[in-house]
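Undergrad: Since the structure of chain A is already known, use the hints to place chain B on it.
In the order they appear, the protein sequences are chains A and B.
The first sequence begins at 1 in the numbering used here and counts up by one.
The second sequence begins at 1001 in the numbering used here and counts up by one.
Simulated from the structure, these hints should not be mistaken for lab results.
Among the hints, erroneous ones may be present.
Unchecked claim - Heads up, simulated DSBU-like pairs for lysine-lysine below, C-alpha to C-alpha not over 35 angstroms straight-line: (1) B:K1483 to A:K467; (2) A:K441 to B:K1528; (3) B:K1269 to A:K265; (4) A:K498 to B:K1528; (5) A:K502 to B:K1483.
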Amino acid sequence: MEHIRTTKVEQVKLLDRFSTSNKSLTGTLYLTATHLLFIDSHQKETWILHHHIALVEKLALTTSGCPLVIQCKNFRTVHFIVPRERDCHDIYNSLLQLSKQAKYEDLYAFSYNPKQNDSERLRGWQLVDLAEEYKRMGVPNSNWQLSDANRDYKAAICRCSQPLSGFSARCLEDEHLLQAISKANPANRYMYVMDTRPRHRMQSWWATQKDIGRIILNAMANRAAGKGYENEDNYSNIRFQFVGIENIHVMRSSLQKLLEVNGTKGLSVSDFYSGLENAGWLRHIKAVMDAAIFLAKAIMVENASVLVHCSDGWDRTSQVCSLGSLLLDPYYRTIRGFMVLIEKDWISFGHKYSERCGHLDGDPKEVSPVFTQFLECVWHLTEQFPQAFEFNEAFLLQIHEHIHSCQFGNFIGNCQKEREELKLKEKTYSLWPFLLDDQEKYVNPLYSSTSQKPAVLEPNTVAFHFKFWRNMYHQFDRTLHPRQSVFNIIMNMNEQNKQLQKDVKDLESQIKQHKNKQTDGVLTKELLNSVRPESPALKTSLCLKEQTLLPVNDALRTIEGSNPADNRYSEYADEFSKAEPAVVSSEYGVARMTC
Amino acid sequence: MEFSELIRTGQAQAELLRGPEMPPLRGTLCVTGHHLLLSPGPQATPDLWLLLLRSVDSIEKRVAGDAGTITLRCKDLRVLQLDIEGVEATLDIARSIEALSSLESVITSFPFFYRPKGLRLGEAWHFHPPERYYKRIARETWSSPLPVPQTRAWRLSEANEDFSLCPSYPRAVIVPRAVDDDALARSARFRQGGRFPVLSYYHAPRGTVLLRSSQPLTGRQKLRCAEDEELLRAVLAEARPGARGFIVDTRSAQAAKQARMTGGGTEAKAAYPGWKRLHRPLERGRPLQESFVRLMEACGDPEQSMDRWLSRLDGCRWLSHVKEALSTACLAAQGMEWEGACILVHGAEGTDSTLLVTSLAQLILDPLSRTMAGFQELIEREWIQAGHPFQLRCAHSAFSHTRPKHEAPIFLLFLDCVWQLGRQFPLSLEFGEGMLLALFDHSYASPFGTFLCNSEKERCLCEVRTRTHSLWSGLNQPKEQRKLRNPLYVPNPLAIWPSVEPQSLRLWQGLFLRWTHPPEPSEVAWEKVWQIATDQKTEGSQPTDSASEPQP
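Isolated chain B (complex conformation):
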């Protein structure tokens, strides 16, 4: 396919309005295969204004007289306005943007063409393979403080090498050593989408584990699967004699029961001795997407009264979702840390709220996941490789006019929860708000390949690893660090238990109101904090410098 077929006009004269604080930009507007360009006239600054077409969420056009206006609402929640000379040009540009921003083909998307200076292709893709995490677990099980050393309790299985067991799992997964690959294959057949229980996190201080899976396919007939039962039995046996387990089902008991009618269901108590189910319903799918849309509608209206704003904030229920997600993650974490229990988390498909809970529980418990590298590893392992369908979930953000099909801001909800953790423990996360904002932006539209596709299988087919750049290599460049890191970070070896009271949760203004700037943006104060923090470091080393200086 040629992009040129979709580009209806070469260029037009236009003025770009980017909000009340930014000066308008005049110049020549031009649509290319992946970008919208505005090049200012020769007398103005030579800087080119560039917008990735993929990040356009919705487009509105209006014509009057011999000029037109296009309003672009972007996936990063920005709203842009283009005033264009010429009716024909306006309509042509609008149609071109519409066509190009909604292309579904992955391999013609921009990451496959993006070749930034200073980065090598293939770099940083090798950062977080499952083998690496397995090595960490192996190391931790060896040095376990528990009386019974849990050596060799877990193994790395390559049963899914060709993605035949589970198309949404990576090639290698961590499973109990006592269960062989054939048993895994049978367990996979008993779970929706083949997502059999795998290890998500090993909590070394208590020797307990966090597992995740999808719902069992018990159906109306209340089917059972011996291998699946054996797998969970082996988990408890290897944790500790007499260990208990909890299955955190992210659906209500009612919904889990109803799922039997469509072939799903939940673990029968009698079949899984030692395991107890807890139901913690978390919203996902369309209700979550609608919550996001309604929140953004409220955030887009600066004229509303205080009462209207509070009632809309209440009505959209976004903060309720934050609270529920955090409480469920705390429940899972608490089960491991305080009860010494093993936890299995699943909802229905096991690719959305399940991952939300397992990844948040790790942030609460695991100090390593709160470092810059550890957090990237967590997202890679618990979201990308764990098969969260980014392509489907992040196809549109809050402004799309099309009816949502698979879109849901579950990853955004995760980022919001992390932001709440960061607010309550401002010294304990090595990354700052800038990192979370960057992840939000890139998950919806990115020049990097990291968030492309819905699973490892698809990424292999598209050769994403060899033909696109990894986001991590982009973010880990030294020039990005000041934006992404938390200057106040101090490693904290303890678990961080957040308060989930409504008074303790706050709307994430930095994201939802990012483009309606407060008079003194937080970056200014943040820059000052950076100065104070780095002052200290440079001055800490200063005596050494001056020591070498006076030498003749």
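The shape of chain A in the complex, shown without the other chains:
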């Protein structure tokens, strides 16, 4: 690799992100073609994929060395101190090059080789295949599609981009199409058109121009540019609904603010909550959820078809349609169904993954956490409905990991056309079969498919039900997480239950056999005793050992037993050791005065 000058640096320090003292691990840093690897003195490995790197910074030289701060798209932040500035500079330059590739062919997926042959790879791609369903794609200006979420309902979710109507222009064909959708639904004679953009600021002005009060600034600006929204007068039987989801730029800066707040050392509770408020992140999450709920209700309660659109139809529209489908159809709440949902509403509808995730060195203004928001909304749903989803949080985190990793072909490219041109199915592997192979890591042990509840989820979007998703934004800051995993123990209990049930069956059949041969009670008892004793010991051993919070990337996210040194109050230990009266710390000085 022409970008790599230094492959190995020794005596590098890795600082703890949240420690106020300068606690650090010393180890060796390696640079490979695909990863940055740090191995500390305990032989613990930290792997960082180049594609995950969002930002590399070289800070001013200090006495201990040259600090190198790396921020990753999966919200890992590492702070190295490299002893020699020259090494630091080399690594810095290499990472700048390696983290931003100019062309698709240089992405990891095109070199990643999990030792599968072609037919295995092809089967992997066919696991979740929507090609059949979407032959009708590509109609200009109306790339909307019927969702199969409504098999049971007569209403439909439809999607499109904004109509290019301008101030007075009309498109008869488009109007006819909407009429057709509306008429295709015998249960209700009207349909909704949802514009996911916010309508504020200019609303009052517009209301005086037109007596429909459902107009927004964005639509206004677009209208002047020859684009716009459906004119209600021209589309009869259509009800308009605007839901305020902000654009990609607002979302990007909101996430930026959120990360700034939670990356602060020595953060106080007050700063955390005011920071959360100022970032507006949870407000945006709530807006997406509210829109999805409106969609689901229109279909469920009013039996109305809904056409969803935003500006381009691949960001907010994807969020709202996919979440709406998730609320309506239990199939999408299964592991496999969720994969289909992502393929359907995101990948095949042209969510611009490569631009939104910044896979290539491109326009930073196109980067936006639209899909991350979708995953967060799903997480909020799993929190509100702990039994409704077949998958767990680790599944969502793993998918998030791979939209940025470029290790698999699924999320590479910006639309179906581009993806086909890249021949992704021939040159790269699909993520889904790998996730399915590890399915047991991603199963929600509380899932119940036959829940007595109605199949449609009705989440509550009152402000207090929204929480900061610590396991996403602090995935790698292990000191912030619970030290014991409920998931592991429940999974193990479930496993044991199954094993015991099997044992019972086996034993019962053996007893039957024995009874047929000879009625010797003593023998059966011995037989039984020989099987039983293992379970209690197994249970205890599980819990006292080191626990993994999230079963993803075990090596990286193991939680050691709790230790006060992991936490910030450990810094108080310094006070303990400073106990000799001769030392006058500032606090001690105060203490003295009072005595």
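TA: Frame of chain A, contents of chain B only:
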């Protein structure tokens, strides 16, 4: 006094609204000495709806036409609405509730009349006497792993037998053996409210101790007390030669200094060699009560925007208090576990934030206190017998219109901190959220006598132990267990060090938003966890059952 004097009306027709999820209840409303009853008409279910009047925190009445509405805000944070036929009846019922719910007399309160089936009077009151804890310490000091066996370092003193040394201490307390009862009496005179330093917890693995007291009465003249100094010197001497001690003062250095003006103060460094003071200011009293009130105001408004909610959550500062309490407890625990130091905790009176810190430090360090029985013992020993004035602190919860005098949710803050521990160590506490909720409810209004009065002295005067039922006997009934226990509990012999970062602390929704139900209440999932956990146990024993079955 006759309750009938306060009851202005016999009965009225009313409809009760209990929130959006619960169906309204229609029937005859009736006020008795201790309860509000609603008995549904004969055609409806025969179930009686019952509310302990003591649990009413505030009451609002409105009349319109020939009907009235009463809104009851309860101490367990529930809000109830009664629509009553007849203006006169509404006003009479409202006045009756007002009068009866604010009665201050202890001996006419409901626990003195409550006689549930299946429980015997006097049962479970003997569970946690100080003698019992002393026996444990004696046992642990005998088997101490340290080179110098600390046998006989501590003794059980009955110097406070008649509550003359300290009205808020129990009859027996654990003190260094080297200090005699006369010295204790002098030390008591040097401490506010007579709360001289006593042993709170013996940390056997390191042979160190946690002590608690109130502030020393040094005053402007910087008085000293030889016996008090001797007591703390003896603590260090008996722990280990050269042992160090830390005094965790739950006030700021500034506040501790100011306390001298009113006769209080803090330990002078020169007078207590080997001891070092650390100031960790914890909020208590009115600011804490106001924090609780503001939090509940925020939790009562489902219409607010996300920004408003976050700003109110920040503004009420409740989670800051949680963080400070946990950090201070960790500091104390860490001093014992890592530094091998002895710790003395006190604030001013030593009955509020002091107990918060000592009890949390024990939960962090002591695996026994994390069991169901151990936790009950901890609350009995470190809160009830240690003289936390429950009657004063829990007179009103967050909805009262009256100006708070002595109210402060310090026990609630403790429960919240325990809940945070339970979230971070979901397998290490034998009790679940249900236990913490039950303790919260009962501390504010209860048919049991456990949380009555402000001290052991008062409880003796009122004969609480002989004339009321103990909460522990109520909670330890088998039918309550599924609600109170943690199905995932596995004993954990290690200390549990929580993270106190703001990202790791969470609002206790199960309590503060208990009555604004989420769509799928956590109990449903919890029930499933119970099923999985108990399945395992029953099936684990199943082979034995089937072994006996095929015998002819």
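Undergrad: Next, verify each hint and record whether it holds.
TA: Structure-based check of each hint:
{"no.": "1", "hint": "B:K1483 to A:K467", "verdict": "holds, 26 angstroms"}
{"no.": "2", "hint": "A:K441 to B:K1528", "verdict": "holds, 19 angstroms"}
{"no.": "3", "hint": "B:K1269 to A:K265", "verdict": "holds, 33 angstroms"}
{"no.": "4", "hint": "A:K498 to B:K1528", "verdict": "holds, 16 angstroms"}
{"no.": "5", "hint": "A:K502 to B:K1483", "verdict": "holds, 30 angstroms"}
Violation of the numbered hints given earlier is absent; every hint is satisfied by the structure.
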